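Go ahead and model the full structure; you've got the sequences and the hints to work with.
Protein chains: 2
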Amino acid sequence: MGLPPKAPDQSGNWKIPRALQQQVRPPGMAENGLARPDRVLTLESMNPCVKKVEYAVRGPIVARAVQLEKELQQGVKKPFTEVIRGNIGDAQAMGQKPITFFRQVSALCMYPELLGDPNFPEDAKQKAQRLLAACGGRSIGAYSASPGIELIRQDVARFIEHRDGGIPCNPDNVFLSTGASDAIVTVLKLLVSGEGRSRTGVMLPIPQYPLYSAALAELNAVQINYYLDEENCWALDVGELKRTLRQARDHCQPRALCIINPGNPTGQVQSRRCIEEVIHFAWEERLFLLADEVYQDNIYAEGSQFHSFKKVLFEMGPKYSESVELASFHSISKGYMGECGFRAGYMEVINMEPAVQQQLTKLVSVRLCPPVTGQILLDMVVNRPQPGDPSYQQFCQEKEVVLSTLAKKARLTQEAFRQSPGIHCNPVQGAMYAFPRIQLPPRAVQEAKAQGQAPDMFFCLKLLEETGICVVPGSGFGQKEGTFHFRMTILPPLEKLEILLQKLSQFHAKFTQEYS
Amino acid sequence: MGLPPKAPDQSGNWKIPRALQQQVRPPGMAENGLARPDRVLTLESMNPCVKKVEYAVRGPIVARAVQLEKELQQGVKKPFTEVIRGNIGDAQAMGQKPITFFRQVSALCMYPELLGDPNFPEDAKQKAQRLLAACGGRSIGAYSASPGIELIRQDVARFIEHRDGGIPCNPDNVFLSTGASDAIVTVLKLLVSGEGRSRTGVMLPIPQYPLYSAALAELNAVQINYYLDEENCWALDVGELKRTLRQARDHCQPRALCIINPGNPTGQVQSRRCIEEVIHFAWEERLFLLADEVYQDNIYAEGSQFHSFKKVLFEMGPKYSESVELASFHSISKGYMGECGFRAGYMEVINMEPAVQQQLTKLVSVRLCPPVTGQILLDMVVNRPQPGDPSYQQFCQEKEVVLSTLAKKARLTQEAFRQSPGIHCNPVQGAMYAFPRIQLPPRAVQEAKAQGQAPDMFFCLKLLEETGICVVPGSGFGQKEGTFHFRMTILPPLEKLEILLQKLSQFHAKFTQEYS
Chain A
64 MGLPPKAPDQ SGNWKIPRAL QQQVRPPGMA ENGLARPDRV LTLESMNPCV KKVEYAVRGP
124 IVARAVQLEK ELQQGVKKPF TEVIRGNIGD AQAMGQKPIT FFRQVSALCM YPELLGDPNF
184 PEDAKQKAQR LLAACGGRSI GAYSASPGIE LIRQDVARFI EHRDGGIPCN PDNVFLSTGA
244 SDAIVTVLKL LVSGEGRSRT GVMLPIPQYP LYSAALAELN AVQINYYLDE ENCWALDVGE
304 LKRTLRQARD HCQPRALCII NPGNPTGQVQ SRRCIEEVIH FAWEERLFLL ADEVYQDNIY
364 AEGSQFHSFK KVLFEMGPKY SESVELASFH SISKGYMGEC GFRAGYMEVI NMEPAVQQQL
424 TKLVSVRLCP PVTGQILLDM VVNRPQPGDP SYQQFCQEKE VVLSTLAKKA RLTQEAFRQS
484 PGIHCNPVQG AMYAFPRIQL PPRAVQEAKA QGQAPDMFFC LKLLEETGIC VVPGSGFGQK
544 EGTFHFRMTI LPPLEKLEIL LQKLSQFHAK FTQEYS
Chain X
64 MGLPPKAPDQ SGNWKIPRAL QQQVRPPGMA ENGLARPDRV LTLESMNPCV KKVEYAVRGP
124 IVARAVQLEK ELQQGVKKPF TEVIRGNIGD AQAMGQKPIT FFRQVSALCM YPELLGDPNF
184 PEDAKQKAQR LLAACGGRSI GAYSASPGIE LIRQDVARFI EHRDGGIPCN PDNVFLSTGA
244 SDAIVTVLKL LVSGEGRSRT GVMLPIPQYP LYSAALAELN AVQINYYLDE ENCWALDVGE
304 LKRTLRQARD HCQPRALCII NPGNPTGQVQ SRRCIEEVIH FAWEERLFLL ADEVYQDNIY
364 AEGSQFHSFK KVLFEMGPKY SESVELASFH SISKGYMGEC GFRAGYMEVI NMEPAVQQQL
424 TKLVSVRLCP PVTGQILLDM VVNRPQPGDP SYQQFCQEKE VVLSTLAKKA RLTQEAFRQS
484 PGIHCNPVQG AMYAFPRIQL PPRAVQEAKA QGQAPDMFFC LKLLEETGIC VVPGSGFGQK
544 EGTFHFRMTI LPPLEKLEIL LQKLSQFHAK FTQEYS
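Chains A and X, in that order, give the protein sequences.
FYI, in the working numbering the residues of the first sequence are 64 to 579.
FYI, in the working numbering the residues of the second sequence are 64 to 579.
I should point out that these hints are in silico values taken from the structure, not numbers from a laboratory.
Predicted model only: the values in this text are computed from it and were never measured.
One or more of the hints may lead you astray.
Identical copies carry no separate label here, and so any pair may be met within one copy or between two of them.
[Stated by the list, open to error] Using 20 Å as the maximum straight-line C-alpha spacing, the simulated SDA-like pairs for lysine to any residue come out as follows: (1) 133 to 186; (2) 115 to 282; (3) 188 to 176; (4) 133 to 233; (5) 462 to 200; (6) 140 to 528; (7) 573 to 500; (8) 160 to 347; (9) 305 to 127; (10) 141 to 422; (11) 252 to 283; (12) 462 to 176; (13) 462 to 306; (14) 471 to 367; (15) 140 to 175; (16) 114 to 283; (17) 425 to 343; (18) 133 to 208; (19) 471 to 283; (20) 252 to 452; (21) 512 to 538; (22) 305 to 236.
Next up, the structure:
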């Protein structure tokens, strides 16, 4: 590490000439072409956990898509006229219209002068007045309580009770959040402790939504992969959970199990029986359950039904319902509303130790509060227009149009891939994604490796360059060694989705031929 | 640690009867009265860094204030009729009105049907249309790019250039955030690394805003305290920086220096000369600078002026401006707008290594994006009505009323304390707070210690119980050993602020007598 400085001077500074300082700097820093020798914060010196973080949904492929869009705008000739974004579950970016009532109430809260405007329906005005009365200074510009506005937490609790057939929900167990991501990371933060072999391990499905792996990397926790069964429509197999848990106990302390239902990126809907088995497993193995249920409104397949972990837990009786620790997450970014930009969600915690729950309350207070505009919109999602309200009919109609269109797109997607040789796609039972498996010729795999790319990244980049279609390689979500996938959303407008599916199949056929 | 299990069964589970499991659990868990023996997540097993987090601004004193408000509502007799909240810089909660133009544009973006409403001014409509065109699908319900909407980053850059007399600002160096807190924590996250004596140390002013200490606790970084000079109007003394830095180098690796200007909780405005000295110090000692400048619009004292660190850095010449790493933070929660509920802010990073800046971009992408409603409002703050625009006059008038009222309250506050024996208060030159030093009789200090409370917490709790006034003890911000303070905001409406100040002085006199 070079020569140590001799001694501090009178004012206590280590006086070393700056030229010498550079000589005694560790070699990695001085020799790195990117790093200016004097920088404090370099790739070498920065937080190593942050460096490990990966988030494919907004990774290099999306950066390239943005670039291509700019090139198109500048008139650069491409083999396509527009980039179609199938990379992210962002419904309104793909043209989905917001629910009118939600935006009316939000506009009234934003600018209460409008409460005198006869063009706004009465129920929207009443709702806005009720919400404003619950805000500090009757303004959405005031901070709220850190776990969220109390009235809205109460509305969430009633919504959960209604959804779960009357099983009670205590508003004190409801924490509003800046999107579901925020709440998920907060719970993971509480769970992480220990060093070396006693480090907290968290079980994640593979394929998974990369928020989870990113958060665990940042928190320096151990990711324990359990594989979903692709041959069985991405079902969760408890035997697989047991196997991976046993192995993980050799090198970490497994403490939590994440489930994403309906699945992201895999689009399956878990059966009730399977949820029971998972809960029994968590009880038996003393694991904290994280149930990511943000797609609970997005169920399309005949015979599929959403069962909340909370409801199943309570229906399994007090042996489970009084002991299994559960955090369940919801969001306004998905469902039929797709209000991603508002960044709002909530979690309910069950059987959390009161002293830990106090720590959770303290922890969320440091960030003051989730965005109040998002809390307001969340309230509308959990406290909807009722039969007889002036806005009821329009609300139901708008909601129905979104959900039935999504169901149609889900069917269209799985049908299209069923007819494509070399592409295998499970039914899109729920959520907003298909995760097809693609066969890639050995020569393409070699070529990708020669270029230092994952083979499915190689495929997706070529797809983007030649067709303008932006989807995310399966390697960003995790997949069985030797298999290749991509995730695409079913969100583009029907006519664009049809083109996308057609182009994708054609491109895959051409790609296969080219590298055979 | 008790008996180990014998062996796994065929399915790989360690089969131990649950009763026995409880016996072999570490004693700490079984004996804790609070913890249910079977819980995974307990006060003992949770993340120890989270346990260390403290955040006084929303701590126990505020919880008690909320309780008192509820009791008053229920008709419980108290020696006061309302709780006056002086604990948090939440202007609109204290009755400050939002800027009309900001809310008009936001309402138009929220519910674009209103673009046809003749009651909205044309410039508001134009601004809304410009912003909507920059949103995915022309909707604020779509995710934005993770560092924020590009158009708004450009507007921020122009705002900074204008503020700093033309010094260039690259929009690529601007990152929008979920309030300034979010950006501050993100930069600290990048900076933290090492173990033991190589652990990152971060220099914080004392008194400080407890977001900083909370973030460092959570990240397990080392907090290095430098004391502001209360006898010299809370000035920052570079000799003190040198002294503390030298000491800190014995036990950690100091890598960053935080400055809050104007000061929170101390309300001082830093002189240009002092900023130059700090920059020179950071250059000399190779420290990354974090400049918290969220109160840049809140300057009240004659002769005080806001100087941005960026501007001073560049005016000191290339030796500094090409090497000192700086992140500067701004927010829409303070200033004249006080839009806390929207959770929006931005940071500009200067001289950050490009590879690290890529890591920063990746890191913020995991949380997808800051709330778009907040980004929209931030755009209005940095891109205001101009002379000739229909909304210009009303905007200027509303802004002026807020700022001149705040200046009046700042003077009122320092005057009131100047006349109170046993209370010493520096001039409130800027920000939104006074941080008076209070003499507490030795018997009160003893009594507090007997009850396990910080003496100023003891004082503030008694103040709350007897007068309904809610202020935060100095111990929540840090203070010189043996001195006692509280932080109060100057935000209550004038008539309430007068009552608050009068009651506070009277209570302190009575308290002093009681414990003498």
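Hint-by-hint comparison with the structure:
1. In the homo-oligomer, the alpha carbons of residue 133 and residue 186 never lie at most 20 Å apart, since the shortest distance is 44 Å inside one protomer and 28 Å across protomers.
2. In this assembly of identical chains, the alpha carbons of residue 115 and residue 282 lie at most 20 Å apart whether taken from the same copy (10 Å) or from different copies (16 Å).
3. In the homo-oligomer, the alpha carbons of residue 188 and residue 176 lie at most 20 Å apart both inside one protomer (11 Å) and across protomers (16 Å), since each shortest distance falls under that limit.
4. With identical chains, the CA atoms of residue 133 and residue 233 are at most 20 Å apart between copies only, with a shortest distance of 19 Å across copies and 50 Å within one.
5. With identical chains, the CA atoms of residue 462 and residue 200 are at most 20 Å apart between copies only, with a shortest distance of 19 Å across copies and 33 Å within one.
6. In this assembly of identical chains, residue 140 and residue 528 lie within 20 Å of each other by CA distance solely inside one copy; the values are 12 Å within and 73 Å between copies.
7. Only within a single protomer do residue 573 and residue 500 lie at most 20 Å apart by alpha-carbon distance; the minimum there is 17 Å, versus 77 Å between protomers.
8. For the identical chains of this complex, residue 160 and residue 347 are neighbours neither inside a copy (45 Å) nor across copies (56 Å), given an alpha-carbon limit of 20 Å.
9. Taking identical chains as interchangeable, the C-alpha atoms of residue 305 and residue 127 are never at most 20 Å apart, the minima being 41 Å within one chain and 47 Å between chains.
10. Taking identical chains as interchangeable, the C-alpha atoms of residue 141 and residue 422 are never at most 20 Å apart, the minima being 55 Å within one chain and 30 Å between chains.
11. Taking the shortest alpha-carbon separations for residue 252 and residue 283, both the intra-copy value of 10 Å and the inter-copy value of 13 Å come in at or below 20 Å.
12. With identical chains, the CA atoms of residue 462 and residue 176 are at most 20 Å apart between copies only, with a shortest distance of 19 Å across copies and 28 Å within one.
13. When the C-alpha separation of residue 462 and residue 306 is checked against a cutoff of 20 Å, the pair qualifies neither within a copy, at 42 Å, nor between copies, at 64 Å.
14. Only within a single protomer do residue 471 and residue 367 lie at most 20 Å apart by alpha-carbon distance; the minimum there is 15 Å, versus 64 Å between protomers.
15. With identical chains, the CA atoms of residue 140 and residue 175 are never at most 20 Å apart, being 49 Å at best within one copy and 34 Å at best between copies.
16. Taking identical chains as interchangeable, the C-alpha atoms of residue 114 and residue 283 lie at most 20 Å apart whether they share a chain (11 Å) or sit on different chains (17 Å).
17. Taking identical chains as interchangeable, the C-alpha atoms of residue 425 and residue 343 are never at most 20 Å apart, the minima being 31 Å within one chain and 38 Å between chains.
18. Proximity of residue 133 to residue 208 under the C-alpha cut-off of 20 Å is restricted to the inter-copy arrangement: shortest distance 14 Å between copies versus 42 Å within a copy.
19. For the homomeric pair residue 471 and residue 283, neither the shortest alpha-carbon distance inside one copy (42 Å) nor that between copies (50 Å) is at most 20 Å.
20. Proximity of residue 252 and residue 452 under a CA criterion of 20 Å is satisfied in neither setting, with 42 Å inside one chain copy and 49 Å between copies.
21. Proximity of residue 512 and residue 538 under a CA criterion of 20 Å is satisfied intra-copy only: 13 Å inside one chain copy versus 58 Å between copies.
22. Taking the closest pair of Cα atoms, residue 305 and residue 236 never come within 20 Å of each other, the shortest separation being 30 Å inside a single copy and 47 Å across copies.
Violation of the numbered hints given earlier is confined to hints 1, 8, 9, 10, 13, 15, 17, 19, 20 and 22; the remaining hints are satisfied by the structure.
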